[in-house]
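Participant: Residue-level listing of the chains:
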Amino acid sequence: MTRILRSIRFNIFLGALIAFFSAVGTILPQIGQEPERANAFMQAHPLWTKFLSFFGLFDLYHSWWFMGILALMAVDIVLCKLWNKPPDAGIVALPPELTNEEDLETHLDKKEAALKLKPFQAFFTSKMGLDDAWKTARGHLKREGYAVKEEFFLPGTAGAFVGTRHRIQRWGSYFAHIGLVVILVGALIRSLFGFVEMVPVLEGGSRRMQRLFDPRSFSERVRELFWGHPWTMKEPVDVYVDKFTIEYYPGTMNPKLFASDARVMSGDQLLGQKVIRVNHPLDVNGVRFYQASWGAGGMFRSVTLKLGKETLQLPQRTPVKIPGTPFTVEADMMLPNFTVTDGQADTASLDLKNPAVRLMFSVGPHKTSPLWLLKNYPDICFTEDAQGQLTHAPAPPFQLAAIDPILFSGIQVAYDPGFPIVVLGALMWLLGMIALFYMHRRRVWILLESAGENSCRASLGAWSSRGTREYEAEFGALAKSLRSELKSEDNFQMTENPIVEVS
Amino acid sequence: MNYEVVFLKGALAFYALATAAAFVYLYNKDDKWSSWMFRLVGVGLALHLVSFGFGMHYFWKIPDNRYYFPINSFFGALSFLSLATVAVFFLIESRHQLGILGAFVLPWAVVGTGSAIIFANPAAEGLVPALQNYWINIHPVVLMTAYAAFGNAFGVGVALLIQEHQIKSRKPSELCYRLPSIEDLDDLNYRIIVWAFPVLTVGIIMGGIWAYSAWGRFWGWDPKETWALITALVYAGYLHMRFVKGWRGKKAVYVSMLGFACVLFTFLGVNYLSPLHGYLSGGG
Ligand code: HEM
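Protein chains in written order, with the working numbering: chain A, 1 to 503; chain B, 1001 to 1284.
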């Protein structure tokens, strides 16, 4: 079982599964993302709906099985990384593994044979004695950014060492994958301890959040713990919107600004105050208040009615006398986006696309039937009968000049304690990938054998995770510079072995 | 006169000429065609940069939007995507002198700039509140740069498939000798993707950080986000197949091409599923 779980093939399969179901979720309307479309689909296809809802396909991303796949993937990545060494074509061990200087002497020939197995090699003769050549070679590699390891030196006979660069690459893969797991953990923390709540607040009013939360900051809680206060003290919280503003770009209906002048209160205690704009939330001890939406609910401060040269201000549900006539007029209702459904007045949405107001005229005790006026279409008018049925009426001699609606501001309250962890994971992922993809490991094996007082033979072998072409050039340059440092004059040979693939 | 469009038309003309030269080079041995292609692309790129600069100027007219790059309209996005595609191509070509790659990559730039000019409205409009954030200068730019690189990798993939076909067929044509070896093409495809993949995922994460600062959620499974994730998963699959299973050549290239299909769908197709993200809705 663990053999399957820890295989990379299985992990890729899980990835494909996640990709597939994610795609399904973008085609089938999801309750979380598009509730109206999802409901419409459900009504249109009742039979399918039964089947699909059974598997949670309308809330796919939060269904137990989708979460399960994600969790399995996280566990699996950890298993994979625990069991499998990162693929490492570079370490072709020198046979036999040399552990001390005597071995070096007895197996000198084998060491050279081993060097010849390296993907890249170079051989030349130095005009320096072994001692000097040894020092110079080590110094040169260090200057080139290599760390010198596994040094063995036999005075008068031979010396060998390995130079390595960017060994960190091996850890890149671990780091990146653990980063992914950390991101998933952050998401889990959010779904366990975080919340999102939509709080629509009428301008000038307030609304109590359904969720209680602790108004104290984290440090306050820690401090108060010593005085016997409990860790959490859940309290009701009210959101006030004192003023809500919409601005449009001049001459267009493109919104420029949505802003709520908001306060968050717990009883008499002010927890936070700010003009909340989109992209600029208010933060109260980690709980954030966002400008998410707005709308017109049907309330207004007043409408301005134009009758010939006269204009009248009508507050909502307040009869106003029309000067010079026996009539009184009253505006009682507003619909923000007027439409007719089944012969009755209705609104298509909560934004002020097509506002309409219902007026009633009266003389003494006699009332006319209500009249609907549309602000954007002064020629269209409807009368409404006692059953609410609308009939077209001729264009009236009065128009709506202005409406001053009372808007509500949709404040979304969100708490996500997993966010810093997600960011940490993202950082690990990024650093891991940089190490993995761009910090190519290099290994250079160098063997120096004494060949008389002022001469020694140098053999170089090399491997790198860089592309063959690039490393060939880089190693060529390295060998060349080393050769001149070691005062070599003979013909320089460099060979390339086919890369040894290690499965 | 809108200089942004004028210079973009100029760039388009040079891209078209460069594409023509690239196609001639496919069938004509003479290296002068490929060096002409390279020069024409260079001029086109310069004109395109000037056009982009004028776009900045145009944007400057809306006082509230001065701090934002003019890429947040369909026009701006298409123009920037083509610019990035050509820039990446220019970089690859100046390092590797493949010559033939132009025939498979430059058409994308022609289609991109062409459709910006024909189908999209260049007028810079004020940004809706959701987009008024410095992230708009970063998040889409990073992602579209990744797209541009993937486009180039796709071109390399096409070249590889043609080469493979040539070698398998009984009588390989002239083309076979112009195209680099399958190993080289595979290596190049891999190396472009290995650059673009981290850029893609970082762009996605940046989107998440923006989403958190604008809406209080890091991830909301909106179709654009979801398809970006699917794209990343496919390319991750490609990298794993290569690293771990040692896939090379045709097999690997098919996976990377599936990735590019996802890129196209994320950029264009998702807008038909839902206009929730980016320029069509104003990022709401
Ligand atoms: C998890 C979060 C996010 C993901 C995964 C994501 C993903 C993407 C992707 C893949 C693109 C690529 C360009 C394209 O295909 O058109 C894109 C573009 C864009 N995104 Fe996001 N995004 C995220 C969050 C956000 C947020 C919060 C906003 C703004 C409120 C935003 C605004 C944009 C804009 C304006 C574009 C560019 C559209 C254009 O100019 O063409 N994104 N995003």
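These are computed hints drawn from the structure, not numbers from a lab.
Remember, it's a predicted structure, so these values are computed and weren't measured experimentally.
Don't be surprised by glycine CBs; every beta carbon is placed ideally from N, CA and C.
Incorrect hints may have been included.
[Unchecked claim] Calculated from the model, a selection of chain B residues having no Cβ within reach of chain A, i.e. all distances over 12 Å: (1) Val-1158; (2) Leu-1233; (3) Leu-1264.
[As the list claims (entries may be wrong)] Within a straight-line C-alpha distance of at most 30 Å, the following computed DSS-like cross-link-like pairs (lysine-lysine) qualify: (4) A:Lys-353 - B:Lys-1250; (5) A:Lys-81 - B:Lys-1245; (6) B:Lys-1061 - A:Lys-81; (7) A:Lys-306 - A:Lys-234; (8) A:Lys-116 - B:Lys-1061; (9) A:Lys-256 - B:Lys-1061; (10) B:Lys-1250 - A:Lys-81.
Participant: State for each hint whether it applies.
Facilitator: Verification of the supplied hints:
{"no.": "1", "hint": "Val-1158", "in the structure": "21 Å, holds"}
{"no.": "2", "hint": "Leu-1233", "in the structure": "4 Å, violated"}
{"no.": "3", "hint": "Leu-1264", "in the structure": "14 Å, holds"}
{"no.": "4", "hint": "A:Lys-353 - B:Lys-1250", "in the structure": "55 Å, violated"}
{"no.": "5", "hint": "A:Lys-81 - B:Lys-1245", "in the structure": "16 Å, holds"}
{"no.": "6", "hint": "B:Lys-1061 - A:Lys-81", "in the structure": "54 Å, violated"}
{"no.": "7", "hint": "A:Lys-306 - A:Lys-234", "in the structure": "53 Å, violated"}
{"no.": "8", "hint": "A:Lys-116 - B:Lys-1061", "in the structure": "68 Å, violated"}
{"no.": "9", "hint": "A:Lys-256 - B:Lys-1061", "in the structure": "15 Å, holds"}
{"no.": "10", "hint": "B:Lys-1250 - A:Lys-81", "in the structure": "29 Å, holds"}
Hints 2, 4, 6, 7, 8 from the earlier list are contradicted by this structure; the remaining hints agree with it.
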